[in-house]
Amino acid sequence: MSALLEFSAVSHAYGARRVIDSMSFSLQDGEIGCLLGGSGCGKTTVLRCIAGFETLGEGEIRLSGRVLADAAMAVPAHQREIGMVFQDYALFPHLTVEDNIGFGLSALARSERKSRVAAMLALVGLVSYAKNYPHELSGGQQQRVALARALATRPRLLLLDEPFSNLDVDLRERLSREVRDILKHEGVSAILVTHDQHEAFAVADKVGVMQGGALLQWATPYQLYHEPVSRYVANFIGQGVLVPGKVSGPRCLTLEVGEFCGLLPLGFAGGDTVDVLLRPDDVVHDDASEQTAVVVDKVFRGADFHYTLALPSGQHVLAQVGSHHNHAIGESIGIRLELDHLIAFKRE
Amino acid sequence: MPKLPALSGLTRWRVLLLLLSLLTLLPLAVIIPAVFSPDPAIWSHLVDYLLPQLFLNSAYLMLGVGCGVLLIGVSLAWLVAVYDFPGRRFFNWALMLPLAMPAYVMGFSQLGLFDYTGPLQSWLRASWGDSSWVPSIRSTPGVILVLTLAFYPYVYLLARNAFATQGRRALEVGQSLGLSRVQGFWRVALPMARPWIMGGLMLALMETLADFGTVSIFNYDAFTSAIYKAWFSFFSLDTAKQLASMLVLIVFVLVVLEQRARGRRAYTQSGRAAPLHRLPLQGGAAALAVLFASLVLLLAFVLPFGQIVWWSYQSLEAELNGDLLSYSLHSVVLSALAALLVCAVALLLSYAQRRAPSRVNQMLARLATMGYAVPGTVLAVGIFVPVAWLDNVLLGLFSSVLPQGTTAILKGSLLVLLLAYLARFLAVGHTSVDAAMHRITRSQEEAARNLGWFGWRLVTRLHLPLLRGGLMTALLMVFVDVMKEMPITLMTRPFGWDTLAVRIFTLTTEGEWERAALPAVAIVLAGLLPVILLSKEEN
Amino acid sequence: MLMMGAVLASLSTWSLAEELVVYGARGEQLVKPLFDAYQKETGVNIRYVMDKEGPLMERLKAEGSNSPADILLTVDAGNLWQASQMGLLKPYASKTIDANVPAHLRDPKKEWTGLSIRARTIFYNTQKVKPGQLSSYEDLADPKWKGKLCLRTSKKVYNQSLVAMMLAENGKVATEKTIKGWVNNLATDVFPDDTKMLEAIAAGQCDVGIANTYYYGRLMEKSPNLPLGIFWANQKARGTHVNISGAGLTRYTKKEQAATRLLEWLSSDKAQNMFADVNMEFPVNPKVKPDAKVAAWGPFKQNVINVSNAGSRQTEAVMLMDRAGYR
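Residue numbers (the working numbering), protein chains in the order written: chain A, 644 to 991; chain C, 14 to 552; chain F, 144 to 470.
Hints listed in this document are in silico derivations from the structure and should not be mistaken for laboratory results. These figures come from a predicted structure and were not determined experimentally. Hints are supplied without guarantee of correctness; some may be wrong.
Cut-off 20 angstroms, straight-line C-alpha distance, at most; resulting in silico cross-link-like pairs (SDA-like, lysine to any residue) [to be verified]:
hint, chain 1, residue 1, chain 2, residue 2
1, F, Lys204, C, Ala72
2, F, Lys289, C, Ser145
3, F, Lys397, C, Lys549
4, F, Lys397, C, Leu477
5, F, Lys398, C, Trp469
6, C, Lys549, C, Arg470
7, F, Lys233, F, Glu162
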């Protein structure tokens, strides 16, 4: 299967400020990708480069093998067949919902346009709002109109710029699943940009973590979580704590709480001091365990507790524990580590 | 406009709206009742010999000037807002300049330049012996051209403002949906700029309809010709008032139709307005852009201004004296005060409409701005009559306490003059301010209210900063319009407050156009002041 | 603030002892030197409020008995007649004025008087027309002038007055025939002002036209070499049409005596030259010689029909011109 989108060694600068620094990734046909990063990391600029709103300094962008843009040329934005959903939706305030959705369909015959708009309205569940104006809709409804408008033209690739950031948390989660279902249903490839990891994981097949204009890692959510390639990614994705350890073998590490061996070689020399990533789900509460830790803090999350525990050395770790195990702060509880994925970074 | 939830202070706004409207409606209240006492002899003459042709002429004029100002104003606004070409920054402000030149002055100097006896045709005759093939400027297309050149800045200014505040987001959406920049202009930018463009168009059309000075220079028989003929030739001011009422009715219908057509549509931008990234024009396209802008500027400003500068050079001795300084000072002070007053009231009016957006209130606000559609001299009477009446009542009431020989209390006071300008120019201020008000979203307002801002604080911290562009435009337009205003200043000015426009009147009334050139130059120069300030503000 | 200022400003006016207020439509630059001279001579200060006649009359009407105005000054007889019709004027009681101003140049009811004469006559291109070919206004309607006549717009009161006088003398039928003839003879659309029309005659766009003499004087002073000649119209008939710039006392003047004295002075030998010469007009006072430049145009016979006819027949005249298609 060949790549739909190839983003190769692209750099972009606003004046002297370099916003994207020789960045590469590719997206397969039918895949939903996501660029994840804090504000100012350059993720929106990547999107705008793909859409054709920004010109490239270096590198190349290809769609289905055809060059969309490089340092010398750029296919105009309107000829790229790439749809976009804007963060602020950017609905046309002077057009009704159906006119907004049908906006990009002027090339179609009247009846065709009508049926396409109707199909889109049905797809996003807004049939009864066809004649309303955008300012008469709720935020979530506006968002769906924006999505329908972008999908109506059957773009080869859909770009979504922070599409859920203006919605409340509840709606955000529901809608992000809904959007994924719609995209998959329509078989549309898409790239989403967000700063919210849950959103990224909920929607995307591939997620890229960006920092300072560079793509640190481009992988499936599972890989990102369990095999982060850098300290930054490890910290940025999910929760966890880095605890000191020593390399005791090609695949083994010794921590305060014992020695652990993984399935893969670690790539460190014996005796190196390293930091080891402990996710909350790596730390298992086990009354039978001799290893204990003191409860320092706890957060009840409904289905489970998040405990902050102090090891005898004073090192804090996080533990995710079932909601039946309610322990008081100060109490000493038994724990056990279940480390399938050993993630360690060399001590700096 | 988005409907705001009912507020406890709603009636307060309604009352304010009513009061403001009444103030500016007073002159109309003097003019309109005349419709109940028509003079049959004069009317049958008008209907038999004048009105059909005059209606047609005015319709041509409106159609021609309407299309002309849209074409020139919108295309230039789009050009300087979206593209980059050599001299763009210069054209950006220079294209406003014709606004500073009174239309009658422009008309007279265009006539001087292009008529049979003007330098162009004289030169043609001297070189080739014949100039009869040159189309006469004293014709329908000639008048349309001159009025278009005089009034296109209204559309240009407002449309530019709209395109600039629209930001690039809307165009990007268009592009992402497969529209080129040119298609984006027609399908996105233009419809979204509609309140601005229509506002500018209405101003230009109202000025065209109410214009008498310019059309009479070309002896073009427009509807106003009938008004003045009825008054000055048939000595029937009542007939003039009846005709003026028809004019108001026509404009009002136009305004209401446009309002209807807009319906429930909103024009607020849903997101941040990222500044437009200007597309550089190269080669032939850049040359065409420069050529077009230069041509408009040349015809609308450089040539007529050059002509009056040349005339004023010839009459320098007679006109350059201390009086000119005092006329200029009066003009600037009056224009500045009037601009502030008009814009303050326009702001209040627009805000009140927003807070109490019922159909009746919309109508009231529309009516309040109708003074712009009435020929100046007729409106001047409409203003003077109630003031004089009030004075007579007051003088009668307080005759015992007032010194003997007192003949005026309000008459001839600065206050009345400023209120008169308000009645005349509220439309100009309101158009720009109200269009900008449409860009403030409901959520912005709600967010601010949520933060505990209300009343004056809300206005100063939210509305004023967001309306800044619109307000500045309004101030500029009212300022230069008051500078040019003649009949109301003549009738209601305090004694000794002769302005540049009054000076032009006293000279041209005896046909001394050349001598009137110097005060006209001074008007243009004073009008430059705010134009430059506005462009500084933008940068 | 503004309100208080306004009140103070208007209250301060009463204290000036000798002051007259003149509402006028005559260019301020033309009357200012006269008023300055009058103040020097008598100490009476004159405030001049300038506007068009129509608005000035509406102003007087609205102000009623509280009008500050003492005198209304216009540049034509028609508007003075109208002011009198509207009851805005008051008859003067002065033998001096009657002595200074010939009867046909003042109101029979003595509500106003002329102060200078504005003669409206025929001008021609000296390279194309011999004076012998010219005779009267009516003659310009003859088909021999087809395509050779220039006229100013009928909207100007000067033409309205001229036609009103013709109506008074020749009657409706003859006058309408004349006007239709004029319209048929037009070389080009009518002009917005006399100067433009005179320039067109000089430039050869047409051969003859009708204008006020002072426009001719002004133009020739600026460019003395123009091929433009003046011809005194209707000398073999009743004489050249004259109008006046004149004035009357306002109905509610509180300074009747002082105002009458000013009118007397304006019609006197002393002031007449100043009044007329500044604009190259003719004095109304027959004892006063016109300016040398004006006198050089030669003597002419005035039509002595009373100028008030200009007002009483103005509406009729304008309607006639409308019917004849004279724009």
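Against the structure, the hints:
As the CA atoms of Lys204 (chain F) and Ala72 (chain C) are separated by approximately 35 angstroms, the hinted pair breaks the 20 angstroms bound. A distance of roughly 17 angstroms separates the Cα atoms of Lys289 (chain F) and Ser145 (chain C); the hinted pair therefore holds under the 20 angstroms criterion. The hinted pair formed by Lys397 (chain F) and Lys549 (chain C) fails the criterion: a straight-line CA distance of about 55 angstroms is larger than 20 angstroms. Restraint check for Lys397 (chain F) and Leu477 (chain C): not satisfied, since their Cα atoms lie roughly 52 angstroms apart, outside the 20 angstroms limit.
Taking the CA atoms of Lys398 (chain F) and Trp469 (chain C), the gap is near 53 angstroms; set against the 20 angstroms cutoff, the hint is violated. At most 20 angstroms may separate the alpha-carbon atoms for a hinted pair to count; Lys549 (chain C) and Arg470 (chain C) exceed this at roughly 27 angstroms. Distance restraint check for Lys233 (chain F) and Glu162 (chain F): the Cα-Cα separation of roughly 19 angstroms lies within the 20 angstroms cut-off, and the hinted pair is therefore satisfied.
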